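**Student:** Turn these sequences into a full structure, and let the hints steer you where they fit.
Counted from 1, the first sequence has number 137 at position 137 by the UniProt record's numbering; the numbering is strictly sequential.
The hints are simulated quantities; they were obtained by calculation from the structure and are not laboratory data.
Bear in mind the structure is a predicted one, so any value in this text is a computation, not a measurement.
Think of the CB as a built atom: it goes at the ideal place given N, C-alpha and C, for glycine as much as any other residue.
Careful, some of the hints might be misleading.
Each computed EDC-like pair below joins lysine to aspartate or glutamate, with the alpha-carbon atoms no more than 16 Å apart [as the list claims (entries may be wrong)]: (1) 37 x 315; (2) 37 x 317; (3) 205 x 133.
Between beta-carbon pairs, the in silico distance windows are [as the list claims (entries may be wrong)]: (4) 238 x 134: 26 to 36 Å; (5) 284 x 179: 28 to 38 Å; (6) 307 x 5: 34 to 44 Å.
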Amino acid sequence: MPWRAGPGERADPYHVWLSEIMLQQTTVATVGPYFRKFLSLFPTVAALAAAPEERVMAAWAGLGYYARARNLHRCAQAVTARGGFPDTEEELRTLPGIGSYTARAVAAIAFDRPGVPVDGNVERVCSRLFAIEAPLPASRPRLAEAAARLGEDPAARAHPSDFAQALFDLGATICTPRRPACALCPWRSPCRARAAGTAEELPRKLPRAARPDRHGTAFLLLDDENRLLLRRRPPRGLLGGMSELPGTPWREAPWTAEEAQAFAPAATAPWQEAGDVRHVFTHFALTLRIRAARLPGGLPSAAGGAFLCPLDALENEALPTLMRRAVATGLAALGDA
DNA sequence: AACGCGGGGCT
DNA sequence: AGCCCAGCGTT
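**Tutor:** Structural data, given as structure tokens:
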């Protein structure tokens with residue numbers, strides 16, 4: 001993990017903070033390349049603060065939860081304005097995008113302040129160590145209490161940074177969600193769930209609600225200079241501030257071709273069916289039908305918030321993963337893949 | 001307290 | 001193809 005300090009090294013608060021924001025709801029493997037890209041584009045928190053928001057959003061494109069990127073930028077500006085990162089949990093907690101978990105993680109890892117950051121890994125370890133049978137999310141306060149108790153151990157208080165990171169490593173490599181390696185666990189002897197044979201079943205969770213389906217149609221329109229028609233989404237909400245192909249709203253009922261046609265950016269273009277892209281969001285699953293066309297001559301409606309993006313500049317665009325796939329599907333149908 | 005918010009990895 | 005994973009901000 002490139003954000004980790006080596007033995008005897010001091011962790012860089014910028015690196016710790018950046019990695020912790022990226023790691024919210026996102027796996028280590030996914031974060032790695034983005035972390036390196038951000039350090040190369042924005043070597044310091046001041047450089048990140050000074051960058052235009054679109055550049056930050058474009059660099060974040062594909063990581064998801066785009067409010068994190070906007071808060072990251074605002075937080076960099078607040079930190080730069082006050083001359084550096086605060087070194088206590090309480091002050092960190094007041095910054096944009098920093099909640100109780102991240103405040104404790106940065107305080108502990110970057111500044112060696114006592115306190116246990118409670119993420120999903122730590123909740124899992126604690127639920128097993130103390131055999132907490134109540135299901136999440138109701139058990140969350142009890143799990144936080146258990147984690148805090150661990151942090152009060154004198155050995156933990158002596159090395160808060162090492163303790164926090166060791167706890168993450170334990171959850172990631174030994175006390176895993178499925179098939180935990182209890183035989184290898186340094187805490188196998190005090191672990192109550194291990195004794196009861198219930199480690200693999202914990203933490204229990206309330207069943208979650210079903211994900212509804214939604215449908216939409218998106219239009220890929222290419223002009224004779226290989227420029228693509230895009231538009232910007234509203235700044236807040238789903239995929240807020242990111243770019244997208246123009247298209248219909250997303251609703252529960254599928255769209256007929258005739259209904260969708262009313263939303264086409266050029267009524268007379270030779271539209272062809274390019275196929276469907278399916279994408280699962282947190283709270284619904286989307287089937288997006290792609291229709292593609294090449295329009296010789298100028299585009300009639302690059303107005304209304306829409307703009308043209310040359311195909312070879314697409315990597316600098318703030319295109320979320322869903323829209324990257326939609327573009328790829330449309331281009332393939334046009335024979336431009 | 002409940003809800004909105006992406007994407008990738010594993011089986 | 002389906003299941004699993006999981007912090008912060010807003011309301």
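**Student:** If a hint holds in the structure, say so; if it does not, say that too.
**Tutor:** Hints versus structure:
1. 37 x 315: Answer holds: residue 37 to residue 315 is near 13 Å, not above 16 Å.
2. 37 x 317: With a Cα-Cα distance of about 15 Å, the restraint between residue 37 and residue 317 holds, given a limit of 16 Å.
3. 205 x 133: Holds, at roughly 10 Å.
4. 238 x 134: 26 to 36 Å: holds, 32 Å
5. 284 x 179: 28 to 38 Å: holds, 31 Å
6. 307 x 5: 34 to 44 Å: holds, 43 Å
Checked against the numbered hints given earlier, this structure breaks none of them.
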